[in-house]
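Participant: Chain by chain, the residues:
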Amino acid sequence: MNPTAIFINSFVLLFLIVSFFKDKSKTKNATKVALKSLLKMLPVVLIIVILIGLLLGLAPPETISKFIGEQSGWGGLLLIAILGTVAHIPSLLAFPIAASLLDSGAALTSVAVFITTLTMIGIVTLPLEIQLMGKKFALLRNGISFIIAILIALIMGAVI
Amino acid sequence: MKNATKDKQAKEGRKNLIGLGFVALIFLIILKIFPEKSSSVMDVSLFYFKEMMLIFPAIVLLMGLFMVWISKDIVLKYMGTTSSLKGIIISIILGALPTGPLYVAFPLALALKNKGASITNIVVFLSAWACIKIPQELVEFQFLGLKFMAVRLALTIIFVTIMGMIIEKLNKVTG
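If you read the sequences in order, they're chains V and W.
For reference, each letter of the first sequence is one residue, going 1 to 160 in my numbering.
For reference, each letter of the second sequence is one residue, going 1 to 175 in my numbering.
Hints are supplied without guarantee of correctness; some may be wrong.
Derived Cβ-Cβ restraints for the label pairs, each shown as a range [said to hold, decoys possible]: (1) V:K40 - W:L85: 31 to 41 angstroms; (2) W:K15 - V:Q131: 16 to 26 angstroms; (3) W:K72 - V:G73: 38 to 48 angstroms; (4) W:K8 - V:K24: 23 to 33 angstroms; (5) W:S84 - V:T63: 23 to 33 angstroms; (6) W:T82 - V:A59: 27 to 37 angstroms; (7) V:F21 - W:P35: 33 to 43 angstroms; (8) W:F47 - V:Q131: 21 to 31 angstroms; (9) W:P57 - V:F21: 15 to 25 angstroms; (10) V:H88 - W:L46: 48 to 58 angstroms; (11) W:L46 - V:G134: 43 to 53 angstroms; (12) V:T63 - W:V173: 17 to 27 angstroms.
Derived from the structure by calculation, the hints contain no laboratory data.
Ideal Cβ positions, reconstructed from N, Cα and C, are used throughout, including at glycine.
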């Protein structure tokens, strides 16, 4: 187990212990909810794991790099920003996917823009957002999010 | 209402299983066509599966714990109406608490709007809910490292605050 995983697990264990001593039934409820969502997540995790395996195992890094690598330029950046916008993937799984792309020759900016558009912009939730918050608000928030996702990625590419 | 969401969840569960079956089939076919690649494909898949399973149980547990301890009422109560620095910081913190998926946040955002919260705060709150969630940051830390996570977090906070202010201005101009 790597240090980060140990840190995360101890962090949550601490929360669990505090919660348990404060209220046993609430804690029991929380573990039930957690177990249910883990089971629900498992098929998607397996799908992603298989796809990552195929991507990294079969596609040569040069191919991936050509589309979304350092030399792909604006086209590659826009391509992956749009991919992140339309993809409907649970946000927790965005990070392993991002790591696998980075491993296979994608540029840091591409990976950063993918995560940001994937998490911040919701095409699937857009109708609900329009219905509740108004068309103008929803379109502005999602539209500007697309632009700032690219800005964040470009700055990250420059500083890291 | 509750039954409808349950039905929808069951349907989504089925869809995921069908998707898994489909992907697994493709996986097997591709491995049959390229037998020499199969060990490297399996290695990669197993590596990522292990990495995910090291932290995902803890992450969903954390989300479950927050769900039972922090109710929507608490979020509503503490969200401020002014977009002062304090108001913005509170919006980020409340949005970042792992209390549910994005579609839960919109009704909450509407309630905040009706309560009189500023547009800046609402935009920051929704954006924080979407992409500054504590479980997400932990998974990002695990897979992309502390530096990547920290820099992206800082930039996201800065830019969503600016975005909130812009949307508030635009909202005022045209009513």
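Participant: Of the numbered hints stated previously, which ones are contradicted by the structure, given in increasing order?
Facilitator: Numbers 5, 6, 7, 8, 10 and 12, in rising order.
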